[in-house]
Every structure is written in structure tokens, then in C-alpha cells.
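Asks: Line by line, the protein sequences are chains A and B.
Residue numbering for the first sequence is 364 to 476, as defined by this note's numbering.
Residue numbering for the second sequence is 2 to 117, as defined by this note's numbering.
Just so you know, the hints here were simulated from the structure itself, not pulled from any lab data.
From the three backbone atoms N, C-alpha and C, an ideal C-beta is built for every residue, glycine too.
It is possible that part of the hints are untrue.
Among chain A residues calculated to face chain B with C-beta under 7 Å, some are [unchecked claim]:
(1) A364
(2) G406
(3) E407
(4) A468
(5) G469
Looking from chain A toward chain B, a few residues come up when the C-beta cut is under 10 Å (computed) [unchecked claim]:
(6) V376
(7) G448
(8) A456
(9) F466
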Amino acid sequence: AQKITQTQPGMFVQEKEAVTLDCTYDTSDPSYGLFWYKQPSSGEMIFLIYQGSYDQQNATEGRYSLNFQKARKSANLVISASQLGDSAMYFCAAEGSWGKFQFGAGTQVVVTP
Amino acid sequence: GAVVSQHPSRVICKSGTSVKIECRSLDFQATTMFWYRQFPKQSLMLMATSNEGSKATYEQGVEKDKFLINHASLTLSTLTVTSAHPEDSSFYICSASKGQVGTEAFFGQGTRLTVV
Chain A
364 AQKITQTQPG
374 MFVQEKEAVT
384 LDCTYDTSDP
394 SYGLFWYKQP
404 SSGEMIFLIY
414 QGSYDQQNAT
424 EGRYSLNFQK
434 ARKSANLVIS
444 ASQLGDSAMY
454 FCAAEGSWGK
464 FQFGAGTQVV
474 VTP
Chain B
2 GAVVSQHPSR
12 VICKSGTSVK
22 IECRSLDFQA
32 TTMFWYRQFP
42 KQSLMLMATS
52 NEGSKATYEQ
62 GVEKDKFLIN
72 HASLTLSTLT
82 VTSAHPEDSS
92 FYICSASKGQ
102 VGTEAFFGQG
112 TRLTVV
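Excised from the complex, chain B in its bound form (with noise of 0.2 Å):
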């Protein structure tokens, strides 16, 4: 089956700063990915819609001047957490999907972001 690559899979940062985890669909093309958040014990929430070579979408209440998206090709899609604090530590996960109708998503591993 199609692979989705993400990393880091853990990733500790000091408060301020930023980080970058990337999102890499490993055989085949994906024109769109898609960023979920996860709180613990709780359900993936839709972030944004990367879309290659254009401005990503964001859902409504995700600040898109906080978490940075860059889908610069077609197998590489970017989140960037800018000047995290603690309040952003989650699991983040990525998806792509195949593009057509009825298909899974295939999902990255997930990046647990922990900020101190």
C-alpha cells in the first residue's frame, strides 16, 4: 500500500521556539495533505488542507500565522510550528490521499511535540 512518511516522530522544544516536521508521501504524488491535530484521548482535529503549489487552507479557529504550512512539491508537505508554547504540545498528523473517490487516506506516523 501507499506510504506516508513523517518526522520527527518525537520532537522536545524550548518554549519560543519554532519546529518544523514534514510530511512526505513516499510513492506516490499527493497535490493535497491534509494536517490533523490530536489532544490525548481525544479525536483528530482537521487543521489544514496543503495544497502543492498554492496557499494552504486552514480550518476556522487554526491561526495560520502559528502553524506555518509549505507544500513545496508533490511528495512534500511542511508543518511549522512557530514560536511554540506549551499549550501547542499534541500529536500531529499528517495524511494524503491517492485522489480518487472511496480511497483511504494513508497517514503519516504522527509527531508527538512536547514544548517546555
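Just chain A, with the same shape it has in the complex (with noise of 0.2 Å):
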């Protein structure tokens, strides 16, 4: 079994900042994925960035980066230059079984001008 931690709630950033979106992660599996999505108001998941528990370098997808350190089991989402469309629900997930994906409680961000 997995578990995801995203301990932050909600966060404010001003357009054209970056943020950091915390992400902590616990699984037995010697091998896993792990899954950044984005959820607007509309509900729709949009998928953002992709890890693998064995690629040696950081994810990166446009103005996605994930912070992944398997030592202290995190995988930090990095938004570079925010825009307004930016704000949703961003939720951290981990791969278990073929398909089957353990989310966190996710993290609302707001992009404010």
C-alpha cells in the first residue's frame, strides 16, 4: 500500500512567481511512479509530470519540474512564471498496481495578479 502527504491546503502565488508544491510519499515497492494532475473548478484531471522511482534526473514539462528526492521520499511540484490559469487543485499521486493510483489530499492554489 501507498500513502500520499501533501500537507499544504492551499496557497496563494503571484502571477509570474514560482512555486513549490510539497509532496511526501511512502511505499514498500521497490519500483513506483509517481504523478503530478491538475484539477480546475471543471473537474476534468489534467495530467502535468511523471517521475519513475529509478530515472536518475529530475522531471521536467514545460514550466513543471519535480523535485524528486528518493532518500527523503518526496517529489516536490515546481510551477515556474505562475499565470492566472494556473490556479486548481493539484494533486500528488503514486502508481500502485497497474493503473491503480493512491492520491493526496491535494493542495489549492490561487494565482492571484
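Reassemble the complex: the two chains are provided individually, in unrelated frames, and hints are given to aid placement.
Replies: Below, the structure is given as C-alpha cells:
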């Protein structure tokens, strides 16, 4: 079983600034995948970024980067140059058995002008 | 990217009636799909794993007779909320994976169920 912890229920960030969303995980699986999803108010789940446990480098996808610290079991998401459209709920998730995800509690991000 | 379509997006039903939600993988075959439930401002909680051609696997605390899951084909899974009550009102969302480790799960648009 896996457990995902997101300790920040909500964050305000000013437009064009960077923001870091915390995520720690607990798993006994030797190999695992960590994901970040964005959920705007419409409810859809938008895939942002993926980090494999054996990946040597931190994942990056455009303005999103993942600060993966395996020894600390953390996988923080960094959003650079925040935009108003980044306002949403952000979920960290771990993939267990094939396709089965365990989600953290989420962090509500509000980007202000 | 792969698309998962969920229908309906919103439904309002009377207490005591049943509601069926469909989840379709449009451009890939999904032998396994997943159903989640999400209360307002909370996380997604896995309800069950839908297996094509066999019985669904339910998470602890989820009533299988309340939430009927059918996965009759490689592209369609349905969730039926039987004898719905106001406490069943929630956001239900399905997902499917292409089956490769480390690949993203593709989510449907979600269904907002309101039981009155």
C-alpha cells in the first residue's frame, strides 16, 4: 500500500512567480511512479508530470518540474512563472499496481494578479 | 493523447432511483478501469477496479451491491448507483490506463451526481 501526503491545503502565489507544492510518499514497492495532476474547477484531471523511482534525473515538462528526493521520499512540484490559469487543485499521486493510483489530499493554488 | 469519455457529466435524480454512469476509452482498449469518488474539496478516493470480463474489485468500505460495476467490453465500464440517496451525491470519475508501467492514467470528465 502507498500513502501520499500533501501538507499544504492551500497556497496563494503572485502571477509570474514560482511556487513549490510539497508531496511526500510512503511505499514499500521497490519500483514506483509518482505523478502530479491538476484539477480545475471543471473537475477534469489534467496530467502534468511523471517521475519514475529509478529515473536519475528530475522530470521537467515545460513550466513544471519535479524535485525528486528519493532518500527523503519527497516529490515536490515546482511551477515556474505562474499564470492565472494555473489556479486549480493539484494532486500528487503514486501508481501502485497497474494503473491504480493513490492520491494525496491536494493543494488548492490561487494565482493572483 | 488517449481519451476517456464519461457520460453524463451531470445528473440529478430522485432518492430511491438508480443512476448509470458510463466510462468509455475512445482510442485504446482498457482491460482495467478504475472508479473514484470525490467529495467537495477532498481527494479522489478509489472505489473499485473494473475488470473486463470478470467481477470488479471493490475497496474496503465500498458496498458492491450499492455501486454496481459492469465491464462488458474492452472499451466500456459502467457504474450504477442503485437506490440512490442524498449521501450518494458526489463527483464520480473514472480512469483507464494503457497498461504500461509509468504511463499516465487517463481520466474521464467526471459525473456530478445530485440526489434529491
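Asks: Checking each numbered hint in turn, tell me which of them this model violates, lowest number first.
Replies: 1, 6 and 7
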